[in-house]
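Chemist: From just these sequences and the hints, can you work out the full model?
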Amino acid sequence: MSLLTLFYLLIFPGLLFTAVLGLSVGWVDRKLSARFQFRVGPPFFQNFYDFIKLLGKETLIVRDSVQSLFIAAPLIAFAALVCISALIGVALFFGASFIGDLYVLMYLLMVYSVMVILGGSATGNVYSSIGAGREMKLLLADELAFILVCLVPIVKAGYEIRLSEILSAQQLGGAFIASPSGILAFLIALICIQAKMALPPFNIPEAETEIVEGPFMEYSGPPLAFWKLNHFMMYVFYPFLLILLFLGGFSAGGWGVLWFILKYLLIVVVMIIIKNTNPRVRIDTALHFFWNIAFPVSLVALILAVLGV
Amino acid sequence: MEPSALIYFLVIPAAVSLINLLLPVRAAKALTVIALLYLLVRSIHSLSHLPLLSECGLWGADRLAAFVLLFVHILSLVILVFSLKGVRSEIQRAFFVLYPLTVAFCNGVLLSQHTIAFIIFWGLSGLSLYFFALMGQGDSYSQTAKKTFIIIGGSDVFLIFGFILLAARLPVKEWNLSALQMQSGDPLYYLAFFSLLIAVLAKAGGFPLHSWVPDFSKTSPIESTAFLPSSLDKLLGIFLLARMMTAFFAVELIVKMIIISIGAITVVGAVMMAIMQPNARRLLGYSTVSQVGYMLMGVGSGNPIAFAGGLFHMVNHTLYKSNLFLSLGSVEKQTGSSEFRDLGGIAKGMPLTFLMALIGSLAISGIPPFSGFYSKWMIYQGLLEQTKTLPAGYQIWMLICLLLAIFGSALTLACFVKFLHAVFLGRNPGREKIHEAPANQWLATGIFALFCIVFGLFAAALPLKRLIIPVLAELGIAADLSLIGYYDPLLLTGLFAIVFLIGWVVYRATRVVRYDEIYLGGMAAETRFRVSGVDFYREIRQMPLLQTIYTAAEKKYCDIYELGSKGTFFFSGILQKLHPGLLQWYLFYILLGLLLLLLITINIGG
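Chains as they are written, first to last, in this note's numbering: chain A, 1 to 309; chain B, 310 to 915.
Take the hints with a grain of salt, since some may be wrong.
Covered stretches of chain A, as calculated for chain B (at least 3 residues, CB under 8 Å) [unchecked claim]: (1) 74 to 87; (2) 104 to 111; (3) 121 to 127; (4) 131 to 139; (5) 147 to 155; (6) 159 to 169; (7) 177 to 184.
Some but not every residue of chain A turned toward chain B, in silico, with C-beta under 10 Å [stated by the list, open to error]: (8) 62; (9) 101; (10) 118; (11) 284.
Just so you know, the hints here were simulated from the structure itself, not pulled from any lab data. Where a beta carbon is used, it is the ideal one built from N, C-alpha and C, also for glycine.
Modeler: Below is the structure:
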């Protein structure tokens with residue numbers, strides 16, 4: 001394991017970069033959401049303060065819980081998300097394969113949901129169990145369409161699954177979004193990542209007004225700090241993934257950096273607008289939406305991609 | 310190793326089985342352990358002396374047979390270790406007589422070089438499945454045994470028929486398996502292929518001949534469920550499919566697409582049934598059926614990477630599914646139930662069993678870096694490679710199958726999240742203290758869990774390089790595999806461990822822990838406020854089209870055995886009505902018969 005590998009993992013584009021950017025973009029979310037609600041919103045460093053504050057709080061552990069799993073779950077999710085950030089970031093910024101390809105990424109992304117479910121179930125709290133069940137159902141709902149939207153760039157790149165190959169194909173032939181199949185897949189992908197991040201209207205697992213915080217209900221102190229950090233890190237690598245798969249990736253030359261920042265902010269702002277303008281749906285509505293609407297649309301996108309459209 | 314020593318793989322376990330009839334149970338257990346340990350060592354030794362052929366030409370082993378033989382013995386030994394303590398006392402003697410005999414029959418299938426010997430041992434292994442089913446308990450175990458035998462035995466007819474069609478042009482003396490071959494232009498090609506495919510699907514438990522597996526899993530001793538439908542039957546079924554794809558037939562594209570489609574339907578259909586089960590054994594049984602779909606897609610695709618992935622998945626599945634069944638067995642022996650509503654909160658009292666079940670669950674769901682992910686990853690790559698070469702219509706067909714396979718993984722994860730939550734996590738429904746399983750049980754599940762980890766981390770260096778790629782090279786499929794994807798499991802695990810450690814250090818440095826009761830917003834945390842997991846996926850069950858399908862499945866409209874039974878009873882009902890037991894009717898039949906004879910005689914005479 002070389003120093004470069006550790007640099008990718010821990011500094012850029014891994015842990016430090018993703019955490020700092022995630023907490024910063026989380027401020028954009030909170031500020032923009034506040035504006036939607038005619039509030040002022042927090043200062044820029046609020047998320048950083050919250051993380052440090054939570055580290056100083058008590059960790060309350062349910063007496064009869066599976067303590068090891070309860071504590072390990074947020075840390076395992078944290079480790080998985082950092083690896084994912086590094087995987088996507090290295091492909092995006094350096095055009096190289098790191099850790100795995102798109103299939104590996106699709107499966108690693110499920111680790112977060114698994115840990116939310118196991119961590120919540122470990123407590124024996126009924127709200128956590130209900131939340132865990134909803135988290136799994138939400139994963140099932142969005143995964144069907146998400147697999148299809150990942151298959152579209154694979155097909156368009158000539159049946160390549162390495163992220164570097166998908167990027168090269170776009171650098172040669174133009175961004176995949178500039179095609180009917182690409183734009184359809186991109187739109188569905190946007191909605192899928194809204195669900196993957198459990199943002200409204202898909203904040204079903206932690207429906208505060210129904211099941212308090214769902215799987216996170218019994219968490220406090222440092223474990224809760226890690227869950228919050230995990231959530232903010234997703235604000236970084238999910239939009240990066242969409243940029244990689246559909247928007248042509250990152251180019252360091254010329255206006256490339258500014259263009260990349262604009263692409264990133266566009267996706268984040270659209271997610272925040274969707275978040276603030278939609279009420280939460282029920283889990284059966286989400287299932288119906290993804291399986292009966294998003295799935296056929298993304299299937300059409302895949303067929304168009306196969307036909308070269 | 311002397312080629313004639315191949316006969317030991319049959320004679321030793323058969324002899325042990327006969328001796329166990331006479332020995333006390335303890336001695337029988339010890340003898341069986343010694344015999345299987347010896348055979349495991351021999352099977353490892355045989356890998357470096359291939360190919361093997363006995364002087365009489367009746368027994369032989371190439372790399373594929375030796376590879377499967379190795380895992381038959383690994384699984385047999387480890388499951389035997391689990392069975393040393395915990396098998397119901399009333400069936401112990403029968404269990405330890407039948408167990409080595411089953412190993413002998415399976416070895417016979419793998420080592421037979423003559424078609425008739427193959428058929429005989431295949432049938433005998435089905436018979437031993439029936440006898441294990443007869444050791445079951447519960448209301449319907451004898452019905453289940455009958456159903457199992459009818460499906461497996463019925464498929465044997467197709468096996469015999471398929472082989473006869475393959476070997477028809479040769480004299481019986483020359484019916485060596487190596488001499489059987491059929492080209493696609495042959496008029497009997499499709500009939501022979503699909504006859505043998507029926508035998509493969511029934512043995513391995515693929516759709517539509519799968520319905521015996523969940524029933525067998527529900528009623529039979531859990532050790533036998535881990536031993537046969539999860540392990541040995543998969544090995545034998547996929548072994549035959551591999552022979553069909555590489556030796557017996559030159560397989561056409563449309564046939565490959567049909568097998569891949571059957572595989573995809575099996576994956577999703579079976580796991581959709583699994584997620585709704587209220588009983589843990591049936592959930593694992595349906596999941597077993599589902600995993601066969603990946604093996605069919607891999608081995609049946611014809612692509613080298615997918616073929617290797619299919620063989621690797623076959624082996625991985627036997628390891629993690631046995632782990633899961635045996636972990637459930639440990640829980641069942643402590644709690645007396647495998648119904649989800651009766652379980653929950655077991656992890657605190659059985660932490661080792663929970664850990665093994667957790668590893669098995671993550672492996673079967675295909676979570677990196679466990680073994681299940683690697684084999685699925687290979688199958689997906691192979692299917693994608695295959696898709697590149699197809700015309701557009703076939704490409705869409707293949708991609709839909711690939712989608713179903715990948716989605717099947719998410720459904721499998723859903724299935725095992727429910728399993729883990731309902732059995733080990735959640736709240737204990739107020740039972741008395743649970744104790745950890747005896748050492749032989751968690752040792753056995755621990756060995757399987759270790760395989761899940763080692764085969765995941767070292768897949769390329771160990772099972773693939775040393776076992777599976779040599780099989781492909783000998784079969785003439787590929788000398789080496791150039792994977793199109795990129796995945797470094799060791800790097801992933803190393804990096805993961807580093808970040809986890811950082812998180813752990815931060816937690817330990819900042820934690821201030823206090824223990825408290827469950828928080829329900831001020832309400833008392835009574836045991837009636839628990840989610841057992843039975844209705845985890847109720848919303849999916851209630852979706853419009855799915856509700857119809859589930860209701861039909863529960864009424865057994867999709868069960869080929871039930872449909873076959875209804876058809877059979879319909880026709881036999883007609884015949885039954887013609888035999889009312891009244892003398893007048895029989896006299897009438899005799900008179901009719903005599904009149905018919907008279908007419909025939911007159912016609913001949915005239």
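Chemist: Count the residues of the region 159 to 169 of chain A whose Cβ falls closer than 8 Å to any Cβ of chain B, and tell me whether that reaches three.
Modeler: holds (count 4)
Chemist: Less than 10 Å between beta-carbons is the criterion; does residue 118(A) satisfy it with respect to chain B?
Modeler: holds, 7 Å
Chemist: Within the region 131 to 139 of chain A, is the number of residues with a Cβ closer than 8 Å to a Cβ of chain B three or more?
Modeler: holds (count 5)
Chemist: Are three or more residues of the region 177 to 184 of chain A within 8 Å, CB to CB, of chain B?
Modeler: Our answer is that it is violated, as 0 residues pass the Cβ test (under 8 Å) against chain B, missing three.
Chemist: Less than 10 Å between beta-carbons is the criterion; does residue 284(A) satisfy it with respect to chain B?
Modeler: holds, 4 Å
Chemist: With chain B as the partner, please determine if residue 101(A) meets the hint condition of a C-beta pair closer than 10 Å.
Modeler: holds, 4 Å
Chemist: Go check the region 104 to 111 of chain A versus chain B for me, would you? Three or more residues, Cβ under 8 Å, otherwise it fails.
Modeler: Result for this restraint: holds, n = 6.
Chemist: Three or more residues of the region 74 to 87 of chain A near chain B by CB distance under 8 Å?
Modeler: holds (count 9)
Chemist: In terms of beta carbon proximity below 8 Å, does the region 121 to 127 of chain A have 3 or more residues touching chain B?
Modeler: Result for this restraint: holds, n = 7.
Chemist: Count residues of the region 147 to 155 of chain A with a Cβ under 8 Å from any Cβ of chain B, then say if the count reaches three.
Modeler: holds (count 5)
Chemist: With chain B as the partner, please determine if residue 62(A) meets the hint condition of a C-beta pair closer than 10 Å.
Modeler: Holds, about 5 Å.
Going down the numbered hints, you'll see the structure goes against just number 7.
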